[in-house]
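A.B. asks: Take a look at the letters that make up each chain.
There are 2 protein chains.
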Amino acid sequence: MKISSVVVKAPSSTANLGPGFDVFGLAIDAFYDEIKICRKNDSGVKMINVNKVLINKRNTATITIRCMKKEFGINDGVSIYLKKGVPIGFGMGSSAASAAAAAIGFNKLFKLNLDSNSLIKFAGLGEKASSGTIHYDNVAASILGGFVIVKNNPLNVFTVTPPQNLRLCLAIPEIKIADQKTKLARNVMPSKIKLKDSIYNLSNATQMVYGFMNNNIKTIGESMNDRIIEESRKKLIPGFLKVKTSAIKAGAFGASISGAGPTIIAVADKSSELKKICYAMKKSFNEENVKCNTIICKPSKGALK
Amino acid sequence: MKISSVVVKAPSSTANLGPGFDVFGLAIDAFYDEIKICRKNDSGVKMINVNKVLINKRNTATITIRCMKKEFGINDGVSIYLKKGVPIGFGMGSSAASAAAAAIGFNKLFKLNLDSNSLIKFAGLGEKASSGTIHYDNVAASILGGFVIVKNNPLNVFTVTPPQNLRLCLAIPEIKIADQKTKLARNVMPSKIKLKDSIYNLSNATQMVYGFMNNNIKTIGESMNDRIIEESRKKLIPGFLKVKTSAIKAGAFGASISGAGPTIIAVADKSSELKKICYAMKKSFNEENVKCNTIICKPSKGALK
Chain A
6 MKISSVVVKA
16 PSSTANLGPG
26 FDVFGLAIDA
36 FYDEIKICRK
46 NDSGVKMINV
56 NKVLINKRNT
66 ATITIRCMKK
76 EFGINDGVSI
86 YLKKGVPIGF
96 GMGSSAASAA
106 AAAIGFNKLF
116 KLNLDSNSLI
126 KFAGLGEKAS
136 SGTIHYDNVA
146 ASILGGFVIV
156 KNNPLNVFTV
166 TPPQNLRLCL
176 AIPEIKIADQ
186 KTKLARNVMP
196 SKIKLKDSIY
206 NLSNATQMVY
216 GFMNNNIKTI
226 GESMNDRIIE
236 ESRKKLIPGF
246 LKVKTSAIKA
256 GAFGASISGA
266 GPTIIAVADK
276 SSELKKICYA
286 MKKSFNEENV
296 KCNTIICKPS
306 KGALK
Chain B
6 MKISSVVVKA
16 PSSTANLGPG
26 FDVFGLAIDA
36 FYDEIKICRK
46 NDSGVKMINV
56 NKVLINKRNT
66 ATITIRCMKK
76 EFGINDGVSI
86 YLKKGVPIGF
96 GMGSSAASAA
106 AAAIGFNKLF
116 KLNLDSNSLI
126 KFAGLGEKAS
136 SGTIHYDNVA
146 ASILGGFVIV
156 KNNPLNVFTV
166 TPPQNLRLCL
176 AIPEIKIADQ
186 KTKLARNVMP
196 SKIKLKDSIY
206 NLSNATQMVY
216 GFMNNNIKTI
226 GESMNDRIIE
236 ESRKKLIPGF
246 LKVKTSAIKA
256 GAFGASISGA
266 GPTIIAVADK
276 SSELKKICYA
286 MKKSFNEENV
296 KCNTIICKPS
306 KGALK
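Read top to bottom, the protein sequences are chains A and B.
Going by my numbering, the first sequence opens with residue 6, and the numbers climb by one from there.
Going by my numbering, the second sequence opens with residue 6, and the numbers climb by one from there.
One thing to keep in mind: the hints can contain errors.
In this list, chains with the same sequence are indistinguishable; a pair is considered to hold if it fits within one copy or across any two.
To be verified - Calculated lysine-lysine pairs in the BS3-like style (CA-CA distance at most 27 Å, straight line):
1) Lys-181 - Lys-239
2) Lys-201 - Lys-133
3) Lys-199 - Lys-126
4) Lys-116 - Lys-88
5) Lys-156 - Lys-247
6) Lys-281 - Lys-199
Treat the hints as calculated values from the structure; they're not laboratory data.
In this text, all values refer to a predicted model and were calculated from it rather than measured experimentally.
Let's have the full structure, built from the sequences with the hints guiding it.
C.D. replies: Now the structure itself:
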């Protein structure tokens, strides 16, 4: 029997976590995109922007579904009702969440029985339209949930269930977001880096995996050290270093830019003074004349779960 | 009561394991250095080369002990009886094993009660004399055993017990070893690398940690991919790519240069055709007119255990 419609909720996510550029992703329960996909009579793909959030015409959900339609020769059209929950352009995997929900929803609606790697690949094609390059960190986290380690060519994703007491403090600055911000944030990065900086990041990233797998939040936070990305991207975020330092001073185990930014994410424990950490980050942004919202959140299950 | 002498055995080790340059080490039971340290009446440090293996005058064990004597203001002299078991200059942590055994032995003899990080630091000072730069991957593995992840500044080492069925096939080519080979192997490396190669190595290294912590030998082997070190060092090992490829073709899950080389190490399972892998590696070296010994070994406990 044909299914006439499906509803999928996909979580926000944070990528990189400091040293793990293009490799690490973590699904977080701060925000969710919800997508309802319904069959319709013609063969088109129609996007209905339920809550009238400003979204690009070539939305990642639409692109993902067009790719899947083409790949599997599906002529049936669909209407996509997108309830956008993840703020766009703040480095919390907004485009990934839409793409993830779309891939999973379309797979269900047409009973394609795709494995998770295939879903991640199609969602990645949607993501590509947003960032200019394929990267699977956010979509993998949004689809699978928890902490993910991504390897490309061939795509392979390993997932780790994060410590139950892990908490994240997000400082979301009200900075005017440039068009194609992710592309811009990628363009500021060098194509060559120092070998010793690469070793520094690798040792921190490998210890972060150790921390996640040993349920050691302190180790996770203390591994959020990066000498490659922050250096290039901090200029796009007024007060970055100040905000990061203040979070750690207030009790966070570590802090870094969430994905392409400008959100800053701090790692803490359930028993940490989470409000104090948020306040410290907000205050530091305010001192740079930047308004800022803060959120305390925790890891999320994925849209597939 | 004064202890008059101690005996310590430290295992050989393999560093890098492909992507983890200067970060990963694995103690292996292929060879051991054994050191006996005895108090003597004057304040000097005397090295007795028990099995007359050719060693440098400024041996890592001697240097390590001189550093410890100085640091702790110990005037008592010692005789070091070194039974050298780890072949020198083949990339199996020979200088590290001597340094590791010396640091642990001296610590016991003079009841210094040093923690493992301090022992690793002193052994690292001995290592420095051999390679020109401080790196703790081999000494940490030789001291602590198993798989180690090393972070510098401040030094912090995380250890993982490797899968019980992990087996390593070593192909040890009879290549004339240059003086200060490790220094040379470091000098051929670039000071700058491509960002995308760094991401490639980092994703493989993080998945290797996942493999070790999940007891997944296949994942460990399949993560032995490196785009930074092999590229520079393979020219120092005739037939490297051929040997690596033949190991994998014969059933190994992955292979790479052991430390600074020229030994090549392949990762396999207890149930793999280990002799076949060894034979394939040996044959490939022979085809390049290089004689080669092979050894099947497994992870080792550390000298501290």
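A.B. asks: Taking the hints in turn, state whether each one holds.
C.D. replies: Hint check:
1. Taking CA atoms no more than 27 Å apart as the test, Lys-181 paired with Lys-239 passes inside one copy only; the shortest distance there is 15 Å, against 49 Å between copies.
2. With identical chains, the CA atoms of Lys-201 and Lys-133 are at most 27 Å apart between copies only, with a shortest distance of 17 Å across copies and 30 Å within one.
3. For a Cα distance limit of 27 Å, the shortest separation of Lys-199 from Lys-126 across copies, 25 Å, qualifies, whereas the shortest one inside one copy, 31 Å, does not.
4. When the C-alpha separation of Lys-116 and Lys-88 is checked against a cutoff of 27 Å, the pair qualifies only within one copy, where the shortest distance is 23 Å, while the shortest distance between copies is 67 Å.
5. For the homomeric pair Lys-156 and Lys-247, the shortest alpha-carbon distance between copies (25 Å) is at most 27 Å, but the shortest distance inside one copy (33 Å) is not.
6. For the homomeric pair Lys-281 and Lys-199, neither the shortest alpha-carbon distance inside one copy (36 Å) nor that between copies (40 Å) is at most 27 Å.
Checked against the numbered hints above, the structure breaks only hint 6 and satisfies the rest.
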